[in-house]
Amino acid sequence: MITLYHRPRTRSSRFIWLLEELGAPYELKLVTTLTPDGSGASDPANPHPHGKVPAIKDSDDGTMVFESPAIVLYLTDKFPTAGIGPAIGDKDRGAYLSWLAYYTGVFEPGFMSKFMNVEVPVGSAGWVSVEKMMPFIIETLSRGPYLLGEKFSGADVLFATTFALFANTPVAQKSPVIEGYVKRALDRPAYARAQAREDG
Amino acid sequence: MITLYHAPRSRSSSMVWLLEELGVPYRIELVPIIYGNGEGTPAPESYRAIHPHKKVPAIDDAGKIAFECAGIAQYLCDAYPDAGLAPRIGAPERAAYDTLLAYWAGVINPIATARFRGWDKDGPTGFGTFEDMEAFLSAKVAAASPFILGAHFTAADVLYGGAVEFFTGAGLLPKRDAYEAYASRLNARPARQRALEKDNG
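Residue numbers (this note's numbering), protein chains in the order written: chain S, 425 to 624; chain X, 1350 to 1550.
In case anyone wonders, no lab produced these hints; they're calculated from the structure.
It cannot be assumed that every hint is accurate.
Claimed, not checked - No farther apart than 27 Å at their CA atoms in a straight line, the calculated lysine-lysine pairs in the DSS-like style are these:
hint, chain 1, residue 1, chain 2, residue 2
1, S, 502, S, 515
2, S, 502, S, 453
3, S, 515, S, 453
4, X, 1489, S, 502
5, S, 502, X, 1413
6, X, 1413, S, 556
7, X, 1413, X, 1470
8, S, 515, X, 1413
9, X, 1470, S, 538
10, S, 575, S, 607
11, X, 1489, S, 481
12, X, 1470, S, 575
13, S, 556, S, 607
14, S, 502, S, 575
What the hints assert, rightly or not - Under 8 Å between C-beta atoms, here's a sample of chain X residues computed to sit facing chain S:
hint, residue
15, 1383
16, 1410
17, 1416
Note that the structure is a prediction, hence the values are computed from the model and not measured.
Cβ coordinates follow ideal geometry from the N, Cα and C atoms, glycine included.
Please model the entire structure based on the sequences and the hints provided.
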């Protein structure tokens, strides 16, 4: 059994979607978190070291995982039958791991830099600007419906939900390719099932 | 045969170390990059087929490309498990291993860059607070006995050892006995020394 530490309408929401895609046995544990406006508070019941969501606990051995790409990888490796995480030895494994690492090491910091209105330093930062990353992502998604090509994967859970979140903000750059991608991903039945469980 | 796309004294240097620890055949292909101080030259446009932003490191393993240090480390140690540099899927340490690699890429590095650039001088950035990150990192390193996941050296030590050494040297991390002891323990490894000798290609 997987326990997902969750606060509705936050970064933990998409992990309900992932768990639904995987058909994994899971339960939601609603927790509070400290929000950017200063309301709310860290929840002592939340095992995340910084009091954030998401975090998961695996009751098989009592271990916990946090950081979004780590949770995606851990779960798609643990529940391989859904086929949304290329296995070790699969020709797409390298690309899958690269997209997960890229999400957290480049994509998120790139958008955060744009929100913060700071210039991404060439050479010393491990990431690039949104303007440099978007052509690569759009080009990839022009070749196939999903990041890995024909097959939906755990990486799409991260990228599609983030693009959906940014859709109505000034940092988003309108792109029919991205809009089509978000719609395709969020039209999946597992996403609708997850929405229905959002509040716990 | 694995090809590592590498630039001396850059983020890819830790991947030379990882490959030496892994003990599998590999070759280094040197790639020009722009360094943080503005020196260097950009890689040729043809290199974009390997890395979308013409950065290092990247690897090509018989046509399978991987980039981003955490992605490469995860890929290599799973694909070549004999060296035991990653807990197997299903092993109890796998959860902590996956978490540490993602935390390194998504928390430690952006927060260190934010501090280095002074972006957090008026308050914490959206990356999280430096103090939370440093408390987590120093607790993990202090508890390393002798390695960050316990008795066995893993790819997480390559990334965390590199971070501790680099960010301490840059004055971003405070001086702590635990950091120093961990870094010197890792530096004493023969594979680390071989990697330093091969860093220039």
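Checking one constraint from the list: CA of residue 515 (chain S) to CA of residue 1413 (chain X), max 27 Å. Satisfied?
7 Å, holds
Hint status (Cβ of residue 1410 (chain X) to nearest Cβ of chain S, threshold 8 Å)
7 Å, holds
Holds or violated: is the Cβ of residue 1416 (chain X) closer than 8 Å to a Cβ in chain S?
5 Å, holds
Check whether the Cα positions of residue 1413 (chain X) and residue 556 (chain S) lie no farther apart than 27 Å.
Holds, because 23 Å separates the two Cα atoms, which is no more than 27 Å.
When you check the alpha-carbon spacing of residue 502 (chain S) and residue 515 (chain S), does it fall within 27 Å?
19 Å, holds
Taken at face value, is the distance from the CA of residue 1470 (chain X) to the CA of residue 1413 (chain X) at most 27 Å?
It is violated: about 42 Å lies between the C-alpha atoms, which goes past 27 Å.
Residue 1383 (chain X) as chain S interface residue, shortest Cβ-Cβ below 8 Å
5 Å, holds
Can you confirm whether the C-alpha distance between residue 502 (chain S) and residue 1413 (chain X) stays at or below 27 Å?
23 Å, holds
Are residue 502 (chain S) and residue 453 (chain S) close enough, with their CA atoms no more than 27 Å apart?
20 Å, holds
Regarding the pair residue 502 (chain S) and residue 575 (chain S), is the alpha-carbon distance no greater than 27 Å?
Since the Cα atoms of residue 502 (chain S) and residue 575 (chain S) sit roughly 18 Å apart, the hinted pair holds (cutoff 27 Å).
Under the criterion that the straight-line Cα-Cα distance not exceed 27 Å, is the pair residue 1489 (chain X), residue 481 (chain S) satisfied?
19 Å, holds
Would you check the hint for residue 575 (chain S) and residue 607 (chain S), treating anything up to 27 Å between C-alpha atoms as holding?
It holds: about 16 Å lies between the C-alpha atoms, which stays within 27 Å.
In the structure shown, a violation is registered for the earlier hints numbered 3, 7 and 12, in ascending order.
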